[in-house]
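Asks: First to last, the sequence lines map onto chains A and B.
Take our numbering: the last position of the first sequence gets the number 162, and nothing is skipped along the way.
Take our numbering: the last position of the second sequence gets the number 500, and nothing is skipped along the way.
Among the hints, erroneous ones may be present.
[Stated by the list, open to error] Here are the simulated lysine-lysine pairs, DSSO-like style, with alpha carbons at most 27 Å apart:
id : chain 1 : residue 1 : chain 2 : residue 2
1  : B       : K469      : A       : K92
2  : B       : K19       : B       : K102
3  : B       : K102      : B       : K500
4  : B       : K19       : B       : K8
5  : A       : K124      : A       : K83
6  : A       : K35       : B       : K384
7  : A       : K92       : B       : K275
8  : B       : K102      : A       : K139
9  : A       : K35       : B       : K279
10 : B       : K469      : B       : K275
11 : B       : K304      : A       : K38
12 : B       : K469      : A       : K43
13 : B       : K377      : B       : K279
14 : B       : K304      : A       : K141
15 : B       : K275      : A       : K83
16 : B       : K384      : B       : K402
17 : A       : K35       : B       : K304
18 : B       : K102      : A       : K134
19 : A       : K124      : B       : K212
[As the list claims (entries may be wrong)] Quick look at which bits of chain A chain B covers, simulated, 3 or more residues with Cβ under 8 Å:
id : stretch
20 : 51 to 62
21 : 96 to 106
22 : 122 to 130
23 : 133 to 142
24 : 145 to 159
Rather than coming from a laboratory, the hints here were simulated on the basis of the structure.
Backbone N, C-alpha and C define an ideal beta-carbon position, used for all residues, glycine too.
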Amino acid sequence: MRNNFKPFLIISGFILIFVPHLAFSQGLSSNELLKNAKQYDGKSIIYSGEVIGDVMSRGEFAWANINDGDNAIGVWMGAALAKEINFTGDYKTRGDVLEIRAEFHRACAEHGGDLDIHAQTLRKITSGERTGHKVDFFKIKLILILLGVLFLVWILSLFRRK
Amino acid sequence: MILRPHLKDLKTIGFYLGKIILGLALTMLIPIIIGLCLGEVNPVFDFLIGIEVSVLAGWLLMKVCRTDDDLNWMQGMMVVSISWVVAMILGAIPLYLSGHWKSFLDACFDSMSGFATTGLVLVQNLDHLSYTHNLWRHLIMFLGGQGIVVIALSFFVRGFSGAFKMYVGEARDERIMPNVIHTSRFIWLVSIVYLILGTLALGITGIFNGMKPFNSFFHGACIFMAAFDTGGFAPQSQNILYYHSAIYEIITVVIMVLGAFNFKLHYHLWMGNRKEIIKNIETRALFATIIATFAIVAVGLAQKGSYSGAVMLFRKGFYQLISGHTGTGFQTIYAQQFILDWNQLALSGVILAMALGGAVCSTTGAIKMLRIGILFKALQEDLKRIIMPEKAVIIEKFHHIKEIFLEDKIIRSALTITLAYIILYGLGALVGMFYGYPFLESLFESTSAAANVGLSCGITALTMPAVLKITYIIQMWAGRLEFMSVFAIIGFIVATIKGK
Chain A
1 MRNNFKPFLI ISGFILIFVP HLAFSQGLSS NELLKNAKQY DGKSIIYSGE
51 VIGDVMSRGE FAWANINDGD NAIGVWMGAA LAKEINFTGD YKTRGDVLEI
101 RAEFHRACAE HGGDLDIHAQ TLRKITSGER TGHKVDFFKI KLILILLGVL
151 FLVWILSLFR RK
Chain B
1 MILRPHLKDL KTIGFYLGKI ILGLALTMLI PIIIGLCLGE VNPVFDFLIG
51 IEVSVLAGWL LMKVCRTDDD LNWMQGMMVV SISWVVAMIL GAIPLYLSGH
101 WKSFLDACFD SMSGFATTGL VLVQNLDHLS YTHNLWRHLI MFLGGQGIVV
151 IALSFFVRGF SGAFKMYVGE ARDERIMPNV IHTSRFIWLV SIVYLILGTL
201 ALGITGIFNG MKPFNSFFHG ACIFMAAFDT GGFAPQSQNI LYYHSAIYEI
251 ITVVIMVLGA FNFKLHYHLW MGNRKEIIKN IETRALFATI IATFAIVAVG
301 LAQKGSYSGA VMLFRKGFYQ LISGHTGTGF QTIYAQQFIL DWNQLALSGV
351 ILAMALGGAV CSTTGAIKML RIGILFKALQ EDLKRIIMPE KAVIIEKFHH
401 IKEIFLEDKI IRSALTITLA YIILYGLGAL VGMFYGYPFL ESLFESTSAA
451 ANVGLSCGIT ALTMPAVLKI TYIIQMWAGR LEFMSVFAII GFIVATIKGK
């Protein structure tokens, strides 16, 4: 009986110590974080999304903005971590998709009250790439048709003037 | 006797409308050039289609309605009212073709939001929008801020007496120079000089913040256009929060305040009359209302305890407040945070600031400081009447470029527009509540739309009902033109029905 009780005590102790930090290890969306910001404030979380815009280097640290499809959240990380980012999302690029283990701040005291995330580790889920945009032939047809109509109106206006 | 509009009136309206549409079409060349330089093929196609439709519409109107007649007041007002609606539709074409707006109504919403310098958005996946489209979003703010008709007056009209009628129709009832076309050109001169300086300041800050040089200056130009024209769009979905920079926030505050000043005041400052800024009723009213509304916001935020330090409270509270007061709509917090982290008192402070607005003859919307100042002076005069002996002659004056006697006519005019704005804020809030949104949130979003601010507490979203989208479009349009558009169209309809 005593032997059975010992692992239970160890597991319970482990949960009591680490639960506040690991409770959100399944990953949270930006909407969940924004909606329950007070609940997650100061807690360790896992957040995933695409890096968008610029990775802004600030001395030994850097800012990367990570968009999970609903919202983008600023992630403060060490310069070494930022170096692992190769692609950032814009019109011509799909940015790296990262999984960040980090501390969430509803109103970060270090960054003037910004809602942000301080990254501890990051894992690249998928690498970004240049996205080719195929030429839209429907739009070309529309341009030519409208050009034709404009030309026709011009010709008609010339006749009308005469 | 009311005169019924004739076909001749419609032809005159159509002819000048055509001219303005052609002017608008030419502005689409700017994103086309940028798109070609950056190799963004499909976005260039979107603008080619947009420009062709615009040229076709403008050209047809000018040919069909050809006239040598000058505009009368009613026609001038109608031209302005309709041209803003047409600009919204034509400006929305390239946006919709990009595929980043789910419906044409959504594209029209953002287009009107841009032209009216509001800043509410329904764009999807903004972070992957092309530079070409992003430039257009900000350019329409710049164009709308100066006034669509002002563009036509500045560059495409050689001069006709009807110009002033259209100029007034765009809520610009003050002539800086004796000639309205010279006034329009001065407005452009001020804006272009500040555009260069502002873009440089923001661009250099961007580079120091770690952005790529091209992005720094592109963002700098876009943010300047949105700040000076008190618009509130930004190239990224996080708005100003994207930059994570206090210096960037300070620079945008300065630009927003400059944008909220009367162009007439800018003229006098440029001419070396620096004392005007201290003496002017508008700057005094602006200073007083900023302090008063910030006090409300600060107390509210302190009560809620969302920000642990005074600096943090000031940075977040003051930025949203000044953004709301100047009618810009830049945010350094997420929309949801207004509801979750701010209490009702703090929200009320921002709503009040949004409702008041900046100076007349600026790019801001809302009631505006001159009217607030006049109403305050009128109240002061009435109080004096009660206190002073019955036979005492009370003469009240105010300083706005020159000393002006406070006449009943001035007070009535200020009161009418103030009342019209209050009704507009209320009506939008009622529609919001009809769709189940809480009162304060509905009032917040409605005031933001009608006062052309652009701060959002989360109602403006893809999922909001189409009727609410249309309501906000009408509010943005009526608010930007200071009801001239509404009065003109009502007058035109009444004249058509009852006129002889």
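Asks: All hints are to be evaluated individually against the structure, with a verdict given for each.
Replies: Results for each hint:
1. B:K469 with A:K92: Outside the cut-off at roughly 31 Å; violated.
2. B:K19 with B:K102: violated (31 Å)
3. B:K102 with B:K500: Measuring from Cα to Cα gives roughly 46 Å; hence the hint is violated.
4. B:K19 with B:K8: Distance ~17 Å between K19 (chain B) and K8 (chain B) Cα, so the pair holds.
5. A:K124 with A:K83: OK: K124 (chain A) and K83 (chain A) at ~12 Å, within 27 Å.
6. A:K35 with B:K384: Violated: K35 (chain A) and K384 (chain B) sit about 52 Å apart, past 27 Å.
7. A:K92 with B:K275: Outside the cut-off at roughly 51 Å; violated.
8. B:K102 with A:K139: At roughly 18 Å apart (the allowed maximum being 27 Å), K139 (chain A) and K102 (chain B) satisfy the hint.
9. A:K35 with B:K279: violated (47 Å)
10. B:K469 with B:K275: Violated: K469 (chain B) and K275 (chain B) sit about 44 Å apart, past 27 Å.
11. B:K304 with A:K38: holds (13 Å)
12. B:K469 with A:K43: Distance ~38 Å between K469 (chain B) and K43 (chain A) Cα, so the pair is violated.
13. B:K377 with B:K279: Holds. K377 (chain B) to K279 (chain B) sits at ~14 Å (cutoff 27 Å).
14. B:K304 with A:K141: violated (58 Å)
15. B:K275 with A:K83: violated (53 Å)
16. B:K384 with B:K402: holds (23 Å)
17. A:K35 with B:K304: holds (17 Å)
18. B:K102 with A:K134: holds (20 Å)
19. A:K124 with B:K212: holds (23 Å)
20. 51 to 62: holds (count 8)
21. 96 to 106: violated (count 1)
22. 122 to 130: Violated - the stretch 122 to 130 of chain A has 0 residues with a Cβ nearer than 8 Å to chain B, which falls short of three.
23. 133 to 142: holds (count 6)
24. 145 to 159: It holds: at least three residues are needed, and the stretch 145 to 159 of chain A offers 6 whose Cβ sits within less than 8 Å of chain B.
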